[in-house]
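**Q** Kindly generate the complete structure, drawing on both the sequences and the hints.
There are 4 protein chains.
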Amino acid sequence: MNQPVSHDAFHDLDGDTLHEECGVFGILGHPDAATLTALGLHALQHRGQEAAGIVCFDGTQFHTEKHMGLVGDHYTNPATLAKLPGDMAIGHTRYSTTGEVALRNVQPLFAELEVGGIAVAHNGNFTNGLTLRRQLIAGGAICQSTSDTEVVLHLIARSRYTSTTDRFIDAIRQMEGGYSMLALTRTKLIAARDPTGIRPLVMGELDGKPIFCSETCALDIIGAKYVRDVENGEIIICEIQPDGSIEIDSRKSPTAQPERLCLFEYVYFARPDSVVGGRSVYVARKNMGINLAKEAPVEADVVVPVPDGGTPAALGYAQESGIPFEYGIIRNHYVGRTFIEPTQQIRAFGVKLKHSANRAMIEGKRVVLVDDSIVRGTTSLKIVQMIRDAGAKEVHLRVASPMIFHPDFYGIDTPDAEKLLANQYDGVEAMCRYIGADSLQFLSINGLYRAVGGEDRNPARPQFTDHYFTGDYPTRLLDKAAETMGRKVSVLASNG
Amino acid sequence: MNQPVSHDAFHDLDGDTLHEECGVFGILGHPDAATLTALGLHALQHRGQEAAGIVCFDGTQFHTEKHMGLVGDHYTNPATLAKLPGDMAIGHTRYSTTGEVALRNVQPLFAELEVGGIAVAHNGNFTNGLTLRRQLIAGGAICQSTSDTEVVLHLIARSRYTSTTDRFIDAIRQMEGGYSMLALTRTKLIAARDPTGIRPLVMGELDGKPIFCSETCALDIIGAKYVRDVENGEIIICEIQPDGSIEIDSRKSPTAQPERLCLFEYVYFARPDSVVGGRSVYVARKNMGINLAKEAPVEADVVVPVPDGGTPAALGYAQESGIPFEYGIIRNHYVGRTFIEPTQQIRAFGVKLKHSANRAMIEGKRVVLVDDSIVRGTTSLKIVQMIRDAGAKEVHLRVASPMIFHPDFYGIDTPDAEKLLANQYDGVEAMCRYIGADSLQFLSINGLYRAVGGEDRNPARPQFTDHYFTGDYPTRLLDKAAETMGRKVSVLASNG
Amino acid sequence: MNQPVSHDAFHDLDGDTLHEECGVFGILGHPDAATLTALGLHALQHRGQEAAGIVCFDGTQFHTEKHMGLVGDHYTNPATLAKLPGDMAIGHTRYSTTGEVALRNVQPLFAELEVGGIAVAHNGNFTNGLTLRRQLIAGGAICQSTSDTEVVLHLIARSRYTSTTDRFIDAIRQMEGGYSMLALTRTKLIAARDPTGIRPLVMGELDGKPIFCSETCALDIIGAKYVRDVENGEIIICEIQPDGSIEIDSRKSPTAQPERLCLFEYVYFARPDSVVGGRSVYVARKNMGINLAKEAPVEADVVVPVPDGGTPAALGYAQESGIPFEYGIIRNHYVGRTFIEPTQQIRAFGVKLKHSANRAMIEGKRVVLVDDSIVRGTTSLKIVQMIRDAGAKEVHLRVASPMIFHPDFYGIDTPDAEKLLANQYDGVEAMCRYIGADSLQFLSINGLYRAVGGEDRNPARPQFTDHYFTGDYPTRLLDKAAETMGRKVSVLASNG
Amino acid sequence: MNQPVSHDAFHDLDGDTLHEECGVFGILGHPDAATLTALGLHALQHRGQEAAGIVCFDGTQFHTEKHMGLVGDHYTNPATLAKLPGDMAIGHTRYSTTGEVALRNVQPLFAELEVGGIAVAHNGNFTNGLTLRRQLIAGGAICQSTSDTEVVLHLIARSRYTSTTDRFIDAIRQMEGGYSMLALTRTKLIAARDPTGIRPLVMGELDGKPIFCSETCALDIIGAKYVRDVENGEIIICEIQPDGSIEIDSRKSPTAQPERLCLFEYVYFARPDSVVGGRSVYVARKNMGINLAKEAPVEADVVVPVPDGGTPAALGYAQESGIPFEYGIIRNHYVGRTFIEPTQQIRAFGVKLKHSANRAMIEGKRVVLVDDSIVRGTTSLKIVQMIRDAGAKEVHLRVASPMIFHPDFYGIDTPDAEKLLANQYDGVEAMCRYIGADSLQFLSINGLYRAVGGEDRNPARPQFTDHYFTGDYPTRLLDKAAETMGRKVSVLASNG
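Protein chains in written order, with full-length UniProt numbering: chain A, 1 to 496; chain B, 1 to 496; chain C, 1 to 496; chain D, 1 to 496.
In case anyone wonders, no lab produced these hints; they're calculated from the structure. Be a bit skeptical, because a hint or two may be false.
For chains that are exact copies, the list does not tell them apart, and a pair is met inside one copy or across any two.
Stated by the list, open to error - No more than 20 Å apart at the CA atoms, straight line, and that leaves these computed lysine to aspartate or glutamate pairs for EDC-like:
(1) 419 - 429
(2) 352 - 205
(3) 352 - 32
(4) 480 - 295
(5) 480 - 301
(6) 83 - 320
(7) 480 - 413
(8) 352 - 243
(9) 225 - 416
(10) 225 - 363
(11) 83 - 205
(12) 225 - 247
(13) 393 - 205
(14) 225 - 389
(15) 252 - 87
(16) 393 - 170
(17) 352 - 73
(18) 83 - 16
**A** Written as structure tokens, this is what we have:
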């Protein structure tokens with residue numbers, strides 16, 4: 001009984017998962033702006049569980065609340081919401097990177113400009129963030145956070161343009177990478193998506209008021225209507241007019257490239273009930289399982305999903321193969337918040353703190369385990385062992401995505417390349433021996449493309465970005481080329 | 001994608017669920033006693049999420065730690081475990097009843113007797129607890145908690161017998177109801193199960209050391225072996241001998257009745273990977289779904305489980321009926337801890353904070369929703385509505401247990417009888433109209449008996465207790481007869 | 001600039017002070033009972049800074065709040081006071097003994113009796129508390145705290161008498177030692193003082209409603225009128241009548257002895273603005289300084305008080321001797337709450353964290369330091385050194401009370417006898433050398449008696465208790481004779 | 001028994017006091033840099049109790065800790081100090097201004113420059129801070145705090161000069177007002193005092209290592225030697241050389257004016273044991289009392305200081321007048337931290353929460369109350385009433401400083417001018433009637449000058465700044481002239 005929504009992100013004891021770094025939500029012109037933003041962020045919680053922030057504007061003043069922890073730990077509190085008045089707000093939910101758990105890095109960030117205040121939040125990563133930061137510091141800028149968002153703010157503050165919109169566009173055009181960005185000024189909600197469209201961003205509408213958010217599930221929770229995806233390289237400016245009406249303007253970046261959405265949104269990150277790039281994530285995942293059953297069939301008694309991500313693919317695999325689908329692994333949802341630093345003795349229990357074998361469905365059976373992906377393989381190893389201990393006759397591991405060889409630079413927190421299983425062992429056979437399964441197979445890259453988009457990969461012009469599998473990066477990597485500073489180094493160590 | 005393990009208990013916004021009140025775990029003679037107890041309680045977390053306590057004995061002194069919150073929030077902390085030395089321990093995890101959230105009520109409770117200290121913890125409820133409490137107070141006893149466990153302690157302290165074992169047996173024989181009880185003295189671990197065997201209690205073994213716990217899943221997590229169920233009316237005394245060996249003695253209560261395990265352990269409470277009364281809970285639940293498909297078939301396009309409890313039954317229903325099983329409802333696991341007191345505005349979003357419809361699997365379809373049980377029906381109403389809003393053509397609700405008419409007095413926290421859906425509407429038709437489904441059907445009592453035990457109910461001598469369905473209570477109800485005091489009234493309101 | 005009110009109790013880094021264990025306050029029939037009790041406890045805060053508790057009765061139910069920390073940290077909070085409705089309350093403020101910082105020990109304690117609830121709080125100590133506790137446990141009583149107050153509750157609960165008043169008197173007559181006790185029932189406020197009158201207890205009145213409290217300063221803060229001292233061995237029962245009037249009854253214990261108030265109340269404990277036993281504490285302290293100047297004159301340039309206790313005596317010494325009084329030591333009031341466990345490096349700064357020399361008044365001068373008492377002498381040593389470091393030509397230490405040789409058993413927390421300075425060195429000369437002063441002199445026992453009561457000590461029938469100076473204990477010491485258990489041992493180590 | 005050290009700042013219920021805004025401490029080249037800084041800040045706690053921060057540099061990285069609350073609440077914790085390695089540190093303690101209780105405003109502030117990191121902390125206020133801030137924002141700077149310190153950082157970051165020293169000097173020369181400033185770079189500790197020398201700053205030395213701090217009491221606590229005052233307009237640069245030696249360089253600002261130290265440092269702010277501008281604060285305060293006795297004698301029985309500030313002046317008054325000095329008002333030091341927001345009912349007890357009359361010294365007596373200053377007069381009113389209630393025959397109030405008519409702009413938080421008592425009533429007679437005293441007199445401006453400096457005020461070239469009394473401001477007031485923005489307004493309201 002597996003649940004693809006609650007990623008391992010929250011309680012990853014082994015560092016054996018990928019993490020998305022953020023979710024964003026914004027709304028303009030609605031009297032319940034902060035409450036709706038809180039609900040939207042709650043629906044996007046799977047994109048980041050470390051902290052959440054909201055900035056709103058009440059016609060006179062901007063207000064901000066930032067809290068470590070889950071959205072539901074803070075933003076449902078009447079006292080907190082009372083401090084967020086006004087009819088326009090943007091919010092952000094953030095994933096916990098090691099060590100840097102500091103409120104000053106929690107988005108949205110705010111700056112007071114001569115033309116008025118502006119708050120900015122983004123999901124994704126800039127491939128030239130450090131390069132720009134160094135230029136800014138050389139130019140006398142003071143950076144208080146280690147967040148790339150602050151770089152955007154500085155670029156806006158220093159822009160030669162007059163209007164905030166022009167300044168925002170000026171800044172955004174200097175940024176390279178994969179991102180979805182929202183900005184809030186005294187009258188405007190601005191949304192922007194990177195030129196290649198790596199990170200998702202959708203536009204919705206509630207009571208005629210515009211909403212932007214990372215996934216459609218944030219529209220569903222508040223009963224809002226999906227309007228369309230923000231296009232790659234598009235900047236949409238929504239502005240409240242003196243008469244209360246809202247004017248919406250769209251500008252397409254001249255640097256826009258053909259869209260290449262991140263495949264991992266389909267494989268792992270997005271919520272299964274979301275529609276990303278016009279495609280149901282759940283259906284895509286089931287298709288991955290169906291294609292996997294076709295590519296890598298096996299004689300077996302039960303198909304067992306590996307929680308949490310493997311469930312829809314396992315269902316597809318079972319339906320395609322005719323082998324019964326059963327909950328052979330049970331998940332314990334009561335993993336406390338301090339399990340993050342357990343005693344060594346408890347750490348040794350590892351995967352059992354979260355999962356247990358359902359012996360009645362395993363004992364004496366030939367089991368097909370279906371998982372969404374393999375990163376370092378340490379968890380797979382333990383789960384295969386757990387299934388064997390529960391009496392399985394055979395254990396076949398099927399992975400609903402290709403092997404991962406390359407790091408990401410667009411907002412996914414990947415382990416160092418040499419720690420990826422595919423780089424540690426030479427070929428599937430060796431990987432299978434390490435994991436201890438009777439057989440191991442991965443979905444092909446074309447199997448994945450067909451599951452998501454219905455067609456094989458177009459090598460000349462790939463429909464998605466798939467660099468972690470192929471090494472084919474959709475943008476240049478300026479910071480990586482410079483490589484003179486660590487990615488997240490700051491010379492100030494701080495607790496606040 | 002539903003998860004029967006994480007009950008609604010933790011974030012029940014509507015009071016529309018049943019709650020078990022506790023889980024217990026104890027171990028004797030193992031050097032890692034406290035750590036193993038913490039892990040066992042973690043596996044039993046679904047039986048109570050309010051608070052957890054552990055008492056251990058280190059050869060000289062008893063130690064206790066009690067904390068509000070999840071086991072994993074506190075007991076994996078090295079500092080906390082360091083305060084729990086010794087090779088014998090018992091622990092308890094407790095469900096939150098309204099208002100009385102006080103550390104002084106957290107078990108195990110301890111008393112210093114003339115013959116030495118004793119700690120006691122139990123799962124279940126005494127049907128003569130208040131009657132005995134009144135007698136004790138009349139006799140000059142001082143009660144510091146509102147817990148029935150304290151009554152047991154007083155009976156032990158006042159017993160005319162000399163040895164702790166005899167005092168414990170003397171006390172336990174005065175208690176009526178349904179319970180599993182553990183006690184720890186300076187040399188002994190004692191386990192007792194009520195004369196009718198209403199609440200479960202199993203015996204296990206790790207490295208030759210005896211363990212007792214509420215469910216087998218607590219054995220599995222630590223790799224312990226299942227030995228046998230403690231019998232109804234049995235008291236098992238394990239005592240460390242001077243040479244370190246452990247002597248185990250069993251006494252059968254003369255008041256023991258034929259066993260009648262609580263059916264709700266199968267329907268809802270126990271973890272699906274547990275084996276209760278020798279039967280796989282998961283298999284029992286799937287059988288309920290299979291029998292339900294036979295008893296209440298319907299033409300439909302998809303079978304959708306209602307999270308969390310309905311999943312195994314839904315799978316059984318799908319397999320029996322041949323209708324595809326699909327995750328039509330997605331659960332949000334990131335429900336924060338303060339969602340318990342949200343603003344009214346957020347409360348209005350109700351079920352959507354935890355569940356969302358997976359439109360791709362619902363729209364235009366005839367949906368069979370399968371749930372484990374219906375208590376008040378308020379959640380069912382909202383879920384049916386959510387499925388309709390997502391575009392379902394028809395919504396048929398199938399419930400994998402009979403209608404609930406009667407309150408429990410053995411440790412399940414039931415709403416007042418008049419709030420039970422079955423008592424509010426006259427017949428299934430009326431209930432169906434209230435809920436807004438196209439059809440509604442419940443599993444029959446015999447369908448349930450066959451799913452669990454393989455046979456129809458024996459009216460002369462029912463194999464299980466099923467009083468919430470039938471009104472046939474397995475014991476007399478002394479406190480209820482007296483009915484002069486509220487069940488959980490204390491005259492002292494306290495925060496500590 | 002020294003302040004005798006804020007004792008070293010709160011931040012005693014050296015264990016070089018005496019501590020009183022408690023203050024009590026109670027009021028009957030006043031609509032603001034809890035608020036007035038909180039204010040009274042605030043005025044009595046110098047008698048105990050660890051924790052404070054209040055119990056009140058609202059006509060239906062008893063309510064209690066207990067909090068670690070200062071009264072002003074919690075009881076001025078509207079939310080806290082709102083949980084304490086009703087027109088009768090008793091409260092208690094408690095000093096922190098090492099290790100046992102547990103809410104379950106915070107008074108008042110409450111018990112539900114057959115005849116109704118009763119709450120009890122006391123200041124002082126029972127010399128037969130452990131003896132009685134052992135008898136109670138042998139008789140089947142369960143003790144949840146390590147507080148002697150619980151023993152009183154058990155004696156009340158087990159009394160053969162019917163009315164609470166008779167039960168209370170029955171219990172109190174079994175207790176030996178020095179104490180002031182308050183009890184609250186559904187209609188009564190009861191006050192009792194030990195047979196020898198060791199601990200103080202006064203009766204006051206506000207708007208015609210009776211008040212009892214440890215010192216008159218608790219009457220002053222709320223503008224209440226002082227009525228009289230509760231006599232030694234007296235029990236005063238105040239009862240609300242059905243018509244709202246209050247009937248007051250007094251019973252004198254047949255075991256009452258001639259009163260012998262504790263001299264340390266005058267020397268150190270009581271607030272200088274309090275009137276204890278009909279005498280101004282401030283005047284008594286100044287008299288001690290005057291008598292000290294007569295008994296132990298010295299040629300000097302300035303009289304400097306040692307903060308905090310030495311200030312009034314120093315003023316008396318200066319006025320009598322004609323030597324100018326100057327603030328030669330400045331106190332830092334901002335000692336944080338965690339200074340209790342500083343790093344070793346910071347601990348080394350010792351007395352300087354709280355005091356600093358005012359060099360302008362010290363340099364080149366012959367200084368008379370006046371302190372209230374010397375316990376272990378470790379602080380005196382450091383202060384003399386600090387004064388020398390600031391350039392004093394001579395340092396003469398004058399102590400406004402006699403040498404301390406004996407432990408207390410009536411509620412003052414004294415160090416072990418062998419750690420008392422007077423027991424470590426043979427004579428004043430040796431003590432003076434240890435401390436490093438040019439001369440050292442103590443007030444004589446008759447000088448102290450005259451300062452407080454105007455007459456020499458009557459050896460046949462001492463007017464006060466002075467056992468710490470003389471070894472002449474006013475009661476038998478039953479627990480000490482038995483001496484089989486440590487004074488505060490419990491076999492359960494607990495954090496809650 | 002009054003204590004001039006612990007200002008009302010901490011628990012000012014009426015807003016009837018003046019507040020200094022900060023204290024600073026820095027040390028270079030000492031292995032215990034952070035611990036010594038913590039101790040120095042503890043000694044300077046009276047200059048600000050809201051929060052404290054320390055920045056240090058360990059040869060590789062800067063580290064910072066910032067905490068709300070007292071120094072002793074956090075910085076004595078071994079865990080906190082362990083996070084502050086290195087042999088150079090600066091620290092800051094800050095007074096709580098209303099509303100803006102935010103960690104992001106706690107100093108020192110830090111910026112990463114191209115030439116390396118720099119941390120800055122200051123005491124005082126810039127009279128052109130807002131003007132500069134607006135210019136900076138217009139130039140594209142982003143301000144994260146509302147602190148003027150950030151303005152300094154921006155000026156440093158944007159300076160055209162190369163070395164940090166030159167950049168610092170460049171920045172400081174643009175700032176107007178009254179301030180003492182410390183900066184820390186990777187090799188340097190820099191100290192600067194404003195051109196008029198309004199705020200104090202002293203240089204000390206420990207084990208040959210330079211220290212700078214606001215007052216000498218911070219040198220005394222760590223046993224450091226006073227070297228000299230930093231001169232007005234002086235910038236002292238201490239730099240660690242490669243061989244570990246320290247080079248010290250001094251530069252005098254060309255804008256330096258004749259020094260005019262703030263008289264309120266002597267009247268109220270500085271600790272009595274500090275030496276400010278070469279004069280003992282304690283002696284200056286006693287002199288104020290002596291001069292007051294000469295200027296404003298009265299027939300009376302006792303001289304009673306008004307806590308806390310009035311004590312030394314009262315002693316001087318008593319010595320000069322021959323009227324006995326007595327503690328007629330007792331202070332309660334146990335004012336809890338939440339007293340800041342008490343219930344209305346408790347607020348009504350007002351001054352009594354902190355002070356009580358010592359009736360034995362008041363009743364039937366003619367009382368001279370001596371206070372250090374009168375701001376709004378609300379506290380004086382209550383204290384006079386309290387003294388009358390305690391039975392005084394006459395109450396004469398003598399104030400050891402002149403009447404306050406004008407606001408401060410150099411770091412003292414003054415109430416709005418129209419709330420100052422001297423502006424509310426026309427003349428001393430009317431003020432006396434409002435306060436309810438039998439007579440009221442203030443020290444003359446010349447009496448104050450003579451008490452501090454030994455000479456009358458030189459009207460042509462006043463030796464001190466005395467603008468709150470005279471309106472003669474020592475600098476121009478640029479922000480005030482502009483007056484387009486509120487003094488502490490930010491458009492972002494934030495909790496973090």
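**Q** Checking against the hints above, which ones are violated?
**A** 4, 5, 6, 8, 9, 11, 13, 15, 16 and 18
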